[in-house]
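Undergrad: Fit chain B to the given chain A structure using the hints.
Those sequence lines, one after another, are chains A and B.
The first sequence lines up with residues 1 to 321 when you count with the numbering used here.
The second sequence lines up with residues 1 to 266 when you count with the numbering used here.
I should point out that these hints are in silico values taken from the structure, not numbers from a laboratory.
Note that the Cβ used here is the ideal one computed from N, Cα and C, for glycine as well.
Warning: the hint list may mix true and false statements.
Pairs of lysine to any residue, SDA-like flavour, derived with a Cα cap of 25 Å [claimed, not checked]: (1) B/K231 / A/M1; (2) A/K256 / B/K103; (3) B/K16 / A/E297; (4) A/K86 / B/E150; (5) A/K279 / B/K231; (6) B/K264 / A/E160; (7) B/K248 / A/S183; (8) A/K216 / B/E150; (9) B/K103 / B/K168; (10) B/K248 / A/A271; (11) A/K320 / B/N261; (12) B/K52 / B/E215; (13) B/K236 / A/A129.
What follows is a set of in silico ranges between Cβ atoms, one per label pair, in the way DEER data are often shown [claimed, not checked]: (14) B/P250 / A/A224: 45 to 55 Å; (15) A/K196 / B/A239: 54 to 64 Å; (16) A/K220 / B/K244: 26 to 36 Å; (17) A/L318 / B/E56: 52 to 62 Å; (18) A/V190 / B/P250: 31 to 41 Å; (19) A/K220 / B/A238: 34 to 44 Å; (20) A/D306 / B/E152: 45 to 55 Å; (21) A/K309 / B/H146: 46 to 56 Å; (22) A/P291 / B/V27: 41 to 51 Å.
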Amino acid sequence: MSTVLVVAEQLDGALRRPSFSALKAGRQLADRLSAKLHVLLCGQNLGAAAQELAAYGGDALHIADAAELAHPLAEAHSQVIAQAAKALGADYVLATSTSQSKDILPRVAAKLGAGMASDVLGFAGEGSAVTFRRPMWAGSILVEVAISTPIKVLTVRAAEFGVAEKASAPAPIQPFAAAVDASKVHAKFVDLTLVKSARPQLTDARIIVSGGRGTKGDFKPIDALADALGAAVGASRAAVDSGWVPSDYQVGQTGKTVAPDLYIAVGISGAIQHMAGMKNSKVIVAINTNPEAPIFEVADYGLVGDLNKILPELIAALQKH
Amino acid sequence: MKILVTVKRVENTESKIKVKPDGSGIVTDGMKYEINPFDLIALEEALRLRDKQGGEVVVVLIGPPEAQTELRSPALAMGADRAIHVKHAGPLDSDGAARLLAKVAEAEKPDLILCGKQAVDDDQGQAGQILAELLGWPQATAASKHESLESEQEKSKTPGIQIAEGAKTAKVIREVDGGLETLEVQLPAVVTCELRLNLPRFASLPNIMKARKKEVKELTPQDLGVDVAPKVAILKYAAPPVRKGGIKVPDVATLVDKLRNEAKVI
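Next up, chain A with everything else stripped away, as it sits in the complex (with noise of 0.2 Å):
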């Protein structure tokens, strides 16, 4: 029987929803295989994470809690996840393209002799030779590939994934004997600064609403908007690179990859590289001065005008229910 195993992520003793993703691709693979289901969380002081995640189940739950993993450094997590991979004789180790797994999962794959794909959209191929479909060249193209090593590494989209739900057993918790190998580990975590938001996050959130060059640097429609429908604020590549709001609320090639169920774009043409970052949402909707815009080739909703006109008419609406 093979084994899948789920790299869960935390942040201070906090999981992190991204998890999830990975948790529900990890059941998807391993029922595809009538695998067994291993989840492993790293990290230190692991108590509350660990109950909380037990209760979306799985055959067992390891917790490698040790004062060396309290960082997620690369040198140090790829040595545990790598030791587990190995104890539990995992075929498959699987986490979400989060930051932090997209950081430590290559250097896993490097210790297992793994072939690894990044990004992965979903699961195709016959029985038990699992294919895997991925984005290249920004989404404007889908590959299915195959991976020949033993042992397969992979990274999940969350969006195309969604999330799992809790099981009707929780998992056992076993205790992992983590031996971090101090000597191979050359990098200091130094500090971590965290955009303050009361917003919930790009990646989270079930509406987004972007402003682009359209907005001209002023963001304020833009946040009134967001905060009128609970959304999270994000931003076209020509918004940032002026400095108008900060890098991490790009969606798009080399920004985030988002599928809200509601996107509202605004002021933003649609440039190929910002589409790739947004074009799998639920629901677009357009609001831009140029009729002509590409933004309103994939909108489902496009409205032609001033967002300076629009938005507040826009919030009064939403307002008056």
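TA: Frame of chain A, contents of chain B only:
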């Protein structure tokens, strides 16, 4: 200090990528090529570090013989001192590329390897990290900075990566989900570069001329003793499903009505 910069030749990012009718690859007739945009950022960072503290910048490219065009300009023309061209045409996965680069690094013994955070053709984003693991070096992926690309810091071409006195360690600010993280890595290290690290310079005409005479050392995977048979094979290429365009609404009231009662998303 000696900095090795990895550069890849990719399809021009303004080009429309089309699949061959039989799904065996993409249409390359008339295709224009360029150096992967993230690799140009890595090269710019290397040049700034060299200009600040001296040393040498070596660019390494794995690709077909024709790729020497892009290796000379813009890569050498931007200011790299010399180049290594590992000639290879045909399939190559991130693991194969990293194993070739590891052999080059073992021979060159750089203090720092700078890579793009991913290549915009295969979008795997793995080679830098695999390379670091093969060499047993630390890594800092998605290097960025706090200052914007409009800042004085950027205009004065100050490097975002801070090399400590004595060049034993470096501080790197990384873009992570939700913010920026600072790591201190011992050198030698592998650092992969994010979009917001810098704005790469353009190659001037005199420098493009000079680049024609710069040294390009040619190697093959056989010379490096690396079997590049891929672990990850692409079976099929396809165009993504086309999203159907919708309708234009005349006013805000109609938009709100549609979102509430038709799409049911608010």
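Undergrad: Evaluate each hint against the coordinates.
TA: Here is how each hint holds up against the structure:
{"no.": "1", "hint": "B/K231 / A/M1", "verdict": "holds, 23 Å"}
{"no.": "2", "hint": "A/K256 / B/K103", "verdict": "violated, 33 Å"}
{"no.": "3", "hint": "B/K16 / A/E297", "verdict": "holds, 16 Å"}
{"no.": "4", "hint": "A/K86 / B/E150", "verdict": "violated, 48 Å"}
{"no.": "5", "hint": "A/K279 / B/K231", "verdict": "violated, 30 Å"}
{"no.": "6", "hint": "B/K264 / A/E160", "verdict": "holds, 21 Å"}
{"no.": "7", "hint": "B/K248 / A/S183", "verdict": "violated, 62 Å"}
{"no.": "8", "hint": "A/K216 / B/E150", "verdict": "holds, 15 Å"}
{"no.": "9", "hint": "B/K103 / B/K168", "verdict": "holds, 22 Å"}
{"no.": "10", "hint": "B/K248 / A/A271", "verdict": "holds, 19 Å"}
{"no.": "11", "hint": "A/K320 / B/N261", "verdict": "holds, 16 Å"}
{"no.": "12", "hint": "B/K52 / B/E215", "verdict": "holds, 23 Å"}
{"no.": "13", "hint": "B/K236 / A/A129", "verdict": "holds, 15 Å"}
{"no.": "14", "hint": "B/P250 / A/A224: 45 to 55 Å", "verdict": "violated, 23 Å"}
{"no.": "15", "hint": "A/K196 / B/A239: 54 to 64 Å", "verdict": "violated, 41 Å"}
{"no.": "16", "hint": "A/K220 / B/K244: 26 to 36 Å", "verdict": "holds, 33 Å"}
{"no.": "17", "hint": "A/L318 / B/E56: 52 to 62 Å", "verdict": "holds, 59 Å"}
{"no.": "18", "hint": "A/V190 / B/P250: 31 to 41 Å", "verdict": "violated, 54 Å"}
{"no.": "19", "hint": "A/K220 / B/A238: 34 to 44 Å", "verdict": "holds, 42 Å"}
{"no.": "20", "hint": "A/D306 / B/E152: 45 to 55 Å", "verdict": "violated, 33 Å"}
{"no.": "21", "hint": "A/K309 / B/H146: 46 to 56 Å", "verdict": "violated, 36 Å"}
{"no.": "22", "hint": "A/P291 / B/V27: 41 to 51 Å", "verdict": "violated, 31 Å"}
When held up to the earlier numbered hints, the structure conflicts with 2, 4, 5, 7, 14, 15, 18, 20, 21 and 22 and fits the remainder.
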